[in-house]
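> Okay, here's what each chain looks like letter by letter:
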Amino acid sequence: MENIQNNDNVVVPDMEHDYHGHPKYEKIFISLLILFGVSLVVGFLFSPILAVALIFATAVWKTSLVIKNFMHLRYEPLLIWIAIAAVIFCLFVFFFGIYPDITAVQLEVTPR
Amino acid sequence: MKEQTLSVPVKMVPQGRLAMWILIAGELMIFGGLIACYLLYRLRFPEWGEQAAHTSTFFGALNTVVLLSSSYTIVKAHEAAIKKDLQKITLWMSVSILGGFFFLINKSIEYTTEISHGFTFSSPHLQESGNTIGSLFWSFYYTMTGLHGVHVLVGMIVMFVIMLQARKGKNLHRVELAGMYWHMVDLIWIFLFPLLYIAK
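For the protein sequence lines, the chains are A and B, in the order given. Going by our numbering, the first residue of the first sequence is number 175, and it counts up by one from there. Going by our numbering, the first residue of the second sequence is number 2, and it counts up by one from there.
None of these hints come from the bench; they were simulated from the model. Some clues are possibly wrong.
[Unchecked claim] 25 angstroms max Cα-Cα, derived PhoX-like pairs, lysine-lysine:
no.: 1; chain 1: B; residue 1: Lys108; chain 2: B; residue 2: Lys201
no.: 2; chain 1: A; residue 1: Lys201; chain 2: B; residue 2: Lys84
no.: 3; chain 1: A; residue 1: Lys201; chain 2: B; residue 2: Lys89
no.: 4; chain 1: B; residue 1: Lys85; chain 2: A; residue 2: Lys242
no.: 5; chain 1: B; residue 1: Lys169; chain 2: B; residue 2: Lys84
no.: 6; chain 1: B; residue 1: Lys84; chain 2: B; residue 2: Lys201
no.: 7; chain 1: B; residue 1: Lys89; chain 2: A; residue 2: Lys198
no.: 8; chain 1: B; residue 1: Lys89; chain 2: B; residue 2: Lys171
no.: 9; chain 1: B; residue 1: Lys84; chain 2: A; residue 2: Lys242
no.: 10; chain 1: A; residue 1: Lys242; chain 2: A; residue 2: Lys198
no.: 11; chain 1: A; residue 1: Lys242; chain 2: B; residue 2: Lys169
no.: 12; chain 1: A; residue 1: Lys242; chain 2: A; residue 2: Lys201
no.: 13; chain 1: B; residue 1: Lys84; chain 2: B; residue 2: Lys171
no.: 14; chain 1: B; residue 1: Lys89; chain 2: B; residue 2: Lys169
no.: 15; chain 1: B; residue 1: Lys85; chain 2: B; residue 2: Lys201
no.: 16; chain 1: A; residue 1: Lys198; chain 2: B; residue 2: Lys84
no.: 17; chain 1: B; residue 1: Lys85; chain 2: A; residue 2: Lys201
no.: 18; chain 1: B; residue 1: Lys85; chain 2: A; residue 2: Lys198
[As the list claims (entries may be wrong)] Pair by pair, the computed Cβ-Cβ distance ranges are:
no.: 19; chain 1: B; residue 1: Thr144; chain 2: A; residue 2: Cys264; range: 19 to 27 angstroms
no.: 20; chain 1: B; residue 1: Ser140; chain 2: A; residue 2: Asp275; range: 13 to 21 angstroms
no.: 21; chain 1: B; residue 1: Ser140; chain 2: A; residue 2: Tyr273; range: 28 to 36 angstroms
no.: 22; chain 1: B; residue 1: Thr113; chain 2: A; residue 2: Pro274; range: 49 to 57 angstroms
no.: 23; chain 1: B; residue 1: Phe122; chain 2: A; residue 2: Asp275; range: 17 to 25 angstroms
no.: 24; chain 1: B; residue 1: Leu165; chain 2: A; residue 2: Ile272; range: 22 to 30 angstroms
Ideal Cβ placement from N, Cα and C applies to all residues, glycine included.
Pulled out of the complex, with its shape left as it was, chain B reads as follows (with noise of 0.2 angstroms):
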């Protein structure tokens, strides 16, 4: 009997990052909703400034220069991989990962501070002033962060999985496809931070 054979043409995209783009594209539509609403609720309620005043702007840019360098680190790491140089791929993805943890540490302090503060999910002292818009953008806030800061988890357990295949030289295709997932973590934060720390 003939064995049949999947026909492939040389020119085409590998299923690896294919499915990347997809699950990018899937994650862009969450996110992209969110931030959607919140953008609309934030033009209906101008008064939501004063509450965006309470975040700290300090810890947000923090944020987001570690992120724009773990994205610069992993993908050094994707350049380290097509050389095949092991060493260097451990390297940088531990670095990057590095930079998740300092990020959610960062995060950690933001919201405890943000708590302290009464300005939790619900916040019930802006509901008991009557203050229920206010109380609104804090459940946008968490909300937001919160998922993101989830996707940041994630993927530092994508790449601490993939690094460990890596240095022992198996497949090293997929030190790509993990900085993919983490520069997507990085581009909804490059669109967080202004919404929830600048515009105030």
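If we strip away everything but chain A, and leave its shape as in the complex, we get (with noise of 0.2 angstroms):
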């Protein structure tokens, strides 16, 4: 990793030598292409329930592949990874927080 600071003490990254590594970009992008015909081809092969746990499995799977090796979360050190965890254990509270509200009371939703 390596970097330049300029005369307004901003770091940018320095291009000749790059700030992270390169995964083999063709490489990932076939196996995004793969998980998506799985996604589709699940979608008609199994029961609802199953296809539906499936088809999010490969969405995980793909989101995955995107932000660690498209973005670099890959080589970002540890502090990037522990914001984005952050983000994801707010959304799970946030999730399971209103998921009695929504789910076990009843709602009255008549027009207008």
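Fit the two chains together into the complex; they arrive one by one in their own frames, and the hints show the way.
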């Protein structure tokens, strides 16, 4: 990891040396297309619940491929990982926090 | 007077990248909150599946391929920026912008079809027939896809501006930052596609 500091004390990546490494993008792209194909096929093959579970599993897999390789999260320091993990944690808290309000309470949705 | 300078260690996240990660974290909260609410309502009202059956899986799938491909092309632009190959930066960024343009055209065709069938933000015909829950699905659908579409448009504008600078050899490190934003737009669609187009 090579950075340079300009006159304004702004750290910018040194384009000669690059800030991080580069995975094989072609391989990642083909993997993404294969996973996309799988998510389409399972929708027609399995029971709806299993299909939805598998589709989401492939979506999470695709997300991890993009975020780690295309966005280069794998080369970032631990602090960035913690920041992203904190967002996911907050979303889980939000989801399970309002879960009873939406699923367990009788909702009266009436037209105006 | 001695000039004060900020002591910066060599191993440090560039400020542009750090700012992009903060922006991305904020965007993930916005879309994550929407997706979480959608999921909860979908669990609460299984009849939303009937409404989701009216969305076009073909256009959704086509747009997924378009966004995945444009994610690949923008990362190739970043690779070209490292090599300072200005021609290739312009080429790959143009292809990425075209991908965004193609996505929006597909989306507008889809919207036109859905609106012509009466599925609008409030879907009055569903409300009149007492299917208020059904109309709620379309409110979520237009909110999530509309907000995502705005992000696609913003991404295209950002890429265009950075491409104009990069073709002159200026601010090459910004190519990667534009790419990070574009990948985030792709990530959101990766989740919207199964939620709105496959889970029927």
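> If you test the structure against every hint from before, which numbers come out violated?
6, 11, 15, 21, 22 and 24
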